[in-house]
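**Student:** Using the sequences provided together with the hints, build the complete structure.
In my numbering, the protein residues as written are 465 to 767.
These are computed hints drawn from the structure, not numbers from a lab.
The beta carbon of each residue, even a glycine, is placed where N, CA and C say it ideally should be.
Please note that the accuracy of each hint is not assured.
Here are the in silico distance ranges between beta carbons for each label pair [said to hold, decoys possible]:
1. 553 to 649: 45 to 53 Å
2. 670 to 488: 47 to 55 Å
3. 488 to 541: 27 to 35 Å
4. 727 to 579: 33 to 41 Å
5. 627 to 673: 15 to 23 Å
6. 557 to 627: 20 to 28 Å
7. 523 to 650: 39 to 47 Å
8. 648 to 544: 43 to 51 Å
9. 522 to 761: 20 to 28 Å
10. 657 to 521: 45 to 53 Å
11. 619 to 712: 15 to 23 Å
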Amino acid sequence: MNVRTLLAVDWGTSSLRGAWLDARGQAVEERSFARGILTVAPGEFAPAFESCFGDWMQRPDALCLMSGMVGSKQGWLEAPYCTCPAGFEEVAANLAWVKPGRVAIVPGLVCEHDGLPDVMRGEETQVFGALQLLGLQDALLVLPGTHSKWVRVQAGRIQSFATFMTGEFFALLRQHSILSRTLPASDGAFDSEAFDQGVTLALRGNSLLHTAFSTRTLSLFDRLPAAALPSYLSGLVIGEELRAQTLQANTHVVIIGSAALTQRYQNALALRGVPAQRIGSEATWAGLWAIAQTIHPSLLKTV
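**Tutor:** Listed below in structure tokens is the structure:
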């Protein structure tokens, strides 16, 4: 890409973030809005974008790349999935252009396991950014969240990934199961000892369908205080996710996400004897910048 300023946008289901990046890819200014795609009516994405970032896009050399659910069927413009293995070149060649040469959406990725498809939108950009920031070509990465993604990268290309509905299962158990009658109204302060206890039980257990009930029985017999139960249940579901992973003794994991959540995963991985390092939201900006550098110049003619 020619030296141009970049508006990097992460437009997800519940939030909208943007960063104005300079010619070196450094964030000059950031903005955040409670304007996830679910708050935008069909046909209103262009006005919503203009109200949030129109002033930044007034520069004639400005380029905007967006990642996340904005490229889904419910978003501004559907960006078809790229098939794994996929790297910067494949992603940059399959951008969905909202405004040719000016505004584009990064495609998500699809891979298959045993004939079943798995997809991601937005996480691929974070992975590419982490690779750039850490100088890696080969890596195992996890992106915790409502739907956690475990991603394997070789030679700078995402080879495969797997989704685990960990955060969603926690929410369902926390709010809608028999366990919710035992748990306090709010999660309160994080209890690392209770969390570790939950992880340890999950790692040596056979199924979350069995271990989850211990959240109720430990409370019933006063073996855990009520305030510690949310942390314990969090440890159970995260531990179940880790139990499903094939992790060798020399495996090193990169965790991408919020500070609080990546810290929990780092603690849980340590209980499996697996070292890990954490990286935050800066991965998204680095990923969009790196993708922008791969776009063929013929696609960047301003119209």
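**Student:** For every hint, state whether the structure bears it out.
**Tutor:** Outcome of the hint check:
A hinted range of 45 to 53 Å for the beta carbons of residue 553 and residue 649 is consistent with their spacing of about 50 Å. The hinted window of 47 to 55 Å between residue 670 and residue 488 holds, with their beta carbons roughly 51 Å apart. For residue 488 and residue 541, the hinted distance range of 27 to 35 Å is satisfied, since their beta carbons lie about 29 Å from each other. Remark: the range hint 33 to 41 Å for residue 727 to residue 579 is upheld by a beta-carbon distance near 36 Å.
Our hint of 15 to 23 Å for residue 627 and residue 673 holds, since their Cβ atoms are close to 19 Å apart. Checked against the given bound of 20 to 28 Å, the beta carbons of residue 557 and residue 627, roughly 25 Å apart, stay inside it. For residue 523 and residue 650, the hinted distance range of 39 to 47 Å is satisfied, since their beta carbons lie about 45 Å from each other. At about 45 Å, the beta-carbon gap between residue 648 and residue 544 stays in the expected band of 43 to 51 Å.
For the pair residue 522 and residue 761, the beta carbons lie near 23 Å from each other, so the given range of 20 to 28 Å is met. Between residue 657 and residue 521 the CB atoms are about 50 Å apart, so this pair conforms to the stated range of 45 to 53 Å. At roughly 19 Å, the beta carbons of residue 619 and residue 712 sit within the given window of 15 to 23 Å.
Of the numbered hints stated above, none is contradicted by the structure.
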